[in-house]
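Protein chains: 4
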Amino acid sequence: MPHDELKQRVLRANLALVEAGLVTLTWGNASAADRRAGIVAIKPSGVPYDRLAAEDIVIVSLPGGRTVEGAAKPSSDTPTHLHLYETFPDIGGIVHTHSTHATAFAQAGREIPPLGTTHADHFYGPVPVARPLTESEVAKDYELHTGRVIAECFRGRGIDPLQIPAALVHGHGPFAWAQTVEHAVENAIALEHCAQMAALTWQLDPPACTIPQYLLDRHFLRKHGPSATYGQR
Amino acid sequence: MPHDELKQRVLRANLALVEAGLVTLTWGNASAADRRAGIVAIKPSGVPYDRLAAEDIVIVSLPGGRTVEGAAKPSSDTPTHLHLYETFPDIGGIVHTHSTHATAFAQAGREIPPLGTTHADHFYGPVPVARPLTESEVAKDYELHTGRVIAECFRGRGIDPLQIPAALVHGHGPFAWAQTVEHAVENAIALEHCAQMAALTWQLDPPACTIPQYLLDRHFLRKHGPSATYGQR
Amino acid sequence: MPHDELKQRVLRANLALVEAGLVTLTWGNASAADRRAGIVAIKPSGVPYDRLAAEDIVIVSLPGGRTVEGAAKPSSDTPTHLHLYETFPDIGGIVHTHSTHATAFAQAGREIPPLGTTHADHFYGPVPVARPLTESEVAKDYELHTGRVIAECFRGRGIDPLQIPAALVHGHGPFAWAQTVEHAVENAIALEHCAQMAALTWQLDPPACTIPQYLLDRHFLRKHGPSATYGQR
Amino acid sequence: MPHDELKQRVLRANLALVEAGLVTLTWGNASAADRRAGIVAIKPSGVPYDRLAAEDIVIVSLPGGRTVEGAAKPSSDTPTHLHLYETFPDIGGIVHTHSTHATAFAQAGREIPPLGTTHADHFYGPVPVARPLTESEVAKDYELHTGRVIAECFRGRGIDPLQIPAALVHGHGPFAWAQTVEHAVENAIALEHCAQMAALTWQLDPPACTIPQYLLDRHFLRKHGPSATYGQR
Chain A
45 MPHDELKQRV LRANLALVEA GLVTLTWGNA SAADRRAGIV AIKPSGVPYD RLAAEDIVIV
105 SLPGGRTVEG AAKPSSDTPT HLHLYETFPD IGGIVHTHST HATAFAQAGR EIPPLGTTHA
165 DHFYGPVPVA RPLTESEVAK DYELHTGRVI AECFRGRGID PLQIPAALVH GHGPFAWAQT
225 VEHAVENAIA LEHCAQMAAL TWQLDPPACT IPQYLLDRHF LRKHGPSATY GQR
Chain B
45 MPHDELKQRV LRANLALVEA GLVTLTWGNA SAADRRAGIV AIKPSGVPYD RLAAEDIVIV
105 SLPGGRTVEG AAKPSSDTPT HLHLYETFPD IGGIVHTHST HATAFAQAGR EIPPLGTTHA
165 DHFYGPVPVA RPLTESEVAK DYELHTGRVI AECFRGRGID PLQIPAALVH GHGPFAWAQT
225 VEHAVENAIA LEHCAQMAAL TWQLDPPACT IPQYLLDRHF LRKHGPSATY GQR
Chain C
45 MPHDELKQRV LRANLALVEA GLVTLTWGNA SAADRRAGIV AIKPSGVPYD RLAAEDIVIV
105 SLPGGRTVEG AAKPSSDTPT HLHLYETFPD IGGIVHTHST HATAFAQAGR EIPPLGTTHA
165 DHFYGPVPVA RPLTESEVAK DYELHTGRVI AECFRGRGID PLQIPAALVH GHGPFAWAQT
225 VEHAVENAIA LEHCAQMAAL TWQLDPPACT IPQYLLDRHF LRKHGPSATY GQR
Chain D
45 MPHDELKQRV LRANLALVEA GLVTLTWGNA SAADRRAGIV AIKPSGVPYD RLAAEDIVIV
105 SLPGGRTVEG AAKPSSDTPT HLHLYETFPD IGGIVHTHST HATAFAQAGR EIPPLGTTHA
165 DHFYGPVPVA RPLTESEVAK DYELHTGRVI AECFRGRGID PLQIPAALVH GHGPFAWAQT
225 VEHAVENAIA LEHCAQMAAL TWQLDPPACT IPQYLLDRHF LRKHGPSATY GQR
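Protein chains in written order, with the numbering used here: chain A, 45 to 277; chain B, 45 to 277; chain C, 45 to 277; chain D, 45 to 277.
Derived by calculation from the structure, the hints in this document are not laboratory data.
Treat the hints loosely; a few may be bogus.
Treat identical chains as interchangeable: a pair holds within one or across any two.
[Said to hold, decoys possible] Subject to a maximum C-alpha distance of 20 Å in a straight line, what follows is the list of computed SDA-like cross-link-like pairs (lysine to any residue):
id : residue 1 : residue 2
1  : K267      : S89
2  : K117      : T224
3  : K184      : Y258
4  : K117      : P107
5  : K267      : G90
6  : K267      : G153
7  : K267      : A116
8  : K267      : E179
9  : K267      : G82
10 : K117      : T70
11 : K267      : T70
12 : K184      : G200
13 : K267      : V112
14 : K117      : L59
15 : K267      : L206
16 : K184      : K267
17 : K267      : E130
18 : K184      : G109
19 : K267      : A183
Please read all numbers here as calculations on a predicted model, not as lab measurements.
I would like the entire structure built from these sequences, with the hints used as guidance.
Now the structure itself:
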């Protein structure tokens, strides 16, 4: 089986979401792309996590979304994942959850601002909310349009998707991504934690504003890009 | 034992409530109906979950509520369950908990509105609060009247109990149901999660209003009814 | 060892507080009285829970508080426990914690009102806050005075300690009790849960008021006293 | 290996932070000093906790910060730790986390006031927030300056670091310390718990003020200093 390792990684990423408390019932999915092979490995639709095995992970073509391997139907959110892989050429893994606090921000239609260095370590600015979908976008190709409004939001604001590797879908919940699916899981965990701390910060100090740009720079660039010094490199 | 499988399912449903963190001490119960056999299997009253075994599950007649099998006394909420089974002919499982956030909404007397797609995936509109019980309804046949005010609420508003498979009892807590007890447990979990996220959303944006009808339609009908596309069907 | 069984019960009660998430570090203690033997079994002072064994439980005389059995020093809160046993002759177990939400009420100096039936199932009215201790009461016999202000609060308001089996010490935290230490643990768990739900209810509906007296009666008397019908009796 | 025991202790302290729920991903670190040997043992930078072994713990010189033992790069926060060890001669262990509630206070720029005896048991007054770092302090020797603003805060207010063994770094998160790394972990746990309870107390009673000085004295001095009576001494 040529895609065994990718399936194993996608399985582990999906299970890591449950372990981290980001996923309730079947409300989440993780995928990974192998761009050289032109495929994406993704969770099957609506399968309970405790019965999920590597062979259930579905392989679909990128672009196209045709099922290449696997008996199950891929996640209903597959068209969103595929559109993000097509639009953001540098990303290799995507995670979608309905994690409690990030979803509350999505439901309130509020971006998550950088109120501290925890945020700055992962997101180089506010995590934006894509615009609400119109009635016709929901009626037809809903999941594809979900990917499109995210891409539109990043393009419109000139955001580099590796500098702010997450977005909130209005009235729905968060998507997070990264160069690998393992890092996409970490970004989804960081996003939920930052959302929770932002709400608590506002409770303590309603007009709490964002950290200064120089602190945002310091933290984000300590961990990302050519001058990164964090970790064992 | 003719009802062994049903007892096993009701046992597992009761234990699943504890695992999901919806039940503290003995504050919860799950039941399942076998309408062909004219019976309901329900948790015994006040038995700690860690000592609960399948043979403790009590079988009562539907309608009637006479104990058919089992040495223990059935849950004190049995008349509520029976009235719901009698009034809502399509449901096959009922769950009652005092889960934290759904109970807070019940205590505040506020319905849980659909603020996002997580809600829409399970509940096709706001989860209503039944009217408070009067003094005489509490004094006599209290548990029966609890079922009656739920039924009255759904009838009065013309709500299909399979489209909004849960209700809040004023000053008390939530009931959730479904065609099977396994799905009733899932609805109770979804209800608690949606209640928590609704409260957090209001904290971020006090006048947060409900999602548009077309998004509610899209999500609910993606998972329910003849045009459902979610999951492995 | 004549008090082995009592020590085992007190050990299990102390560990149950940790399992229920009511105790952080060593901030809690449980005791049980054997009134016939004139003794109280109580947790030793400052011993980490993961090293606590039945033989560490200290036996002190009631009244008096002289160590009768055990090499360790009894909990620093022992004089509070002893005063409550002396003043409330019907109680047989006491639990003290710094559980998060009940302690927040104690720090805010607010009683926990009966906002729902969960509260009514355990506490037949608001859980009161004892008056703050004066400087001289803190300076000398602090722990004894802690017991005294609780007793004063119940006597002054004419509260039966078995009908409202808990109190908040102002700026400190909750004490809960019952006829047995096992039920005292349950009351401490219920208290924390009710405190959390009361705070959430007020967040949803600031002027949320208490449930009607007839509903309070119905729930409390369903579980307590001569007409109780709940459980397997 | 001369520093084996110290490495084992630092490993256990780092893992205890994860178990206590204070650390998400790799956002935390614990260190211990051996002042006689002139060294500090500290977590390596960015290594996941589930792969951390005692031999990964890095030994650096105190003062100086030169790596004495260990193949890995020490935590990026090492200069902060070293400056605190140099400035506070009585401390022997330091813990840094981004724990949820203490970080929210740091992000809001608010000190954690003593609202109850739980706080008084560990911190003899409010836990202060150091002033924000200037742009030039962030640009060069950022981690060293983080230690310096903490030291400046304590010196400027005349605070004894063993009486208030923690500080909040503005827009960042908490540091806690003690004479041993094991007690530093306990102080970090207490800090998070007190921060959560302070926020909840303010929610119940916005103008909630601190406990009286005599109660603060009583609790802190019951557990610390020559007249301590708590625990098995």
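Structure-based check of all given hints:
{"no.": "1", "hint": "K267 / S89", "result": "between (35 Å within a copy, 11 Å between copies)"}
{"no.": "2", "hint": "K117 / T224", "result": "neither (23 Å within a copy, 24 Å between copies)"}
{"no.": "3", "hint": "K184 / Y258", "result": "between (44 Å within a copy, 11 Å between copies)"}
{"no.": "4", "hint": "K117 / P107", "result": "within (17 Å within a copy, 41 Å between copies)"}
{"no.": "5", "hint": "K267 / G90", "result": "between (36 Å within a copy, 10 Å between copies)"}
{"no.": "6", "hint": "K267 / G153", "result": "neither (29 Å within a copy, 24 Å between copies)"}
{"no.": "7", "hint": "K267 / A116", "result": "between (38 Å within a copy, 17 Å between copies)"}
{"no.": "8", "hint": "K267 / E179", "result": "between (41 Å within a copy, 19 Å between copies)"}
{"no.": "9", "hint": "K267 / G82", "result": "neither (30 Å within a copy, 30 Å between copies)"}
{"no.": "10", "hint": "K117 / T70", "result": "within (14 Å within a copy, 36 Å between copies)"}
{"no.": "11", "hint": "K267 / T70", "result": "between (32 Å within a copy, 12 Å between copies)"}
{"no.": "12", "hint": "K184 / G200", "result": "neither (23 Å within a copy, 34 Å between copies)"}
{"no.": "13", "hint": "K267 / V112", "result": "neither (37 Å within a copy, 25 Å between copies)"}
{"no.": "14", "hint": "K117 / L59", "result": "within (19 Å within a copy, 30 Å between copies)"}
{"no.": "15", "hint": "K267 / L206", "result": "within (12 Å within a copy, 33 Å between copies)"}
{"no.": "16", "hint": "K184 / K267", "result": "between (41 Å within a copy, 16 Å between copies)"}
{"no.": "17", "hint": "K267 / E130", "result": "neither (26 Å within a copy, 27 Å between copies)"}
{"no.": "18", "hint": "K184 / G109", "result": "within (17 Å within a copy, 49 Å between copies)"}
{"no.": "19", "hint": "K267 / A183", "result": "between (41 Å within a copy, 15 Å between copies)"}
Violated hints, listed in ascending order, are 2, 6, 9, 12, 13, 17; each of the other numbered hints is respected by the structure.
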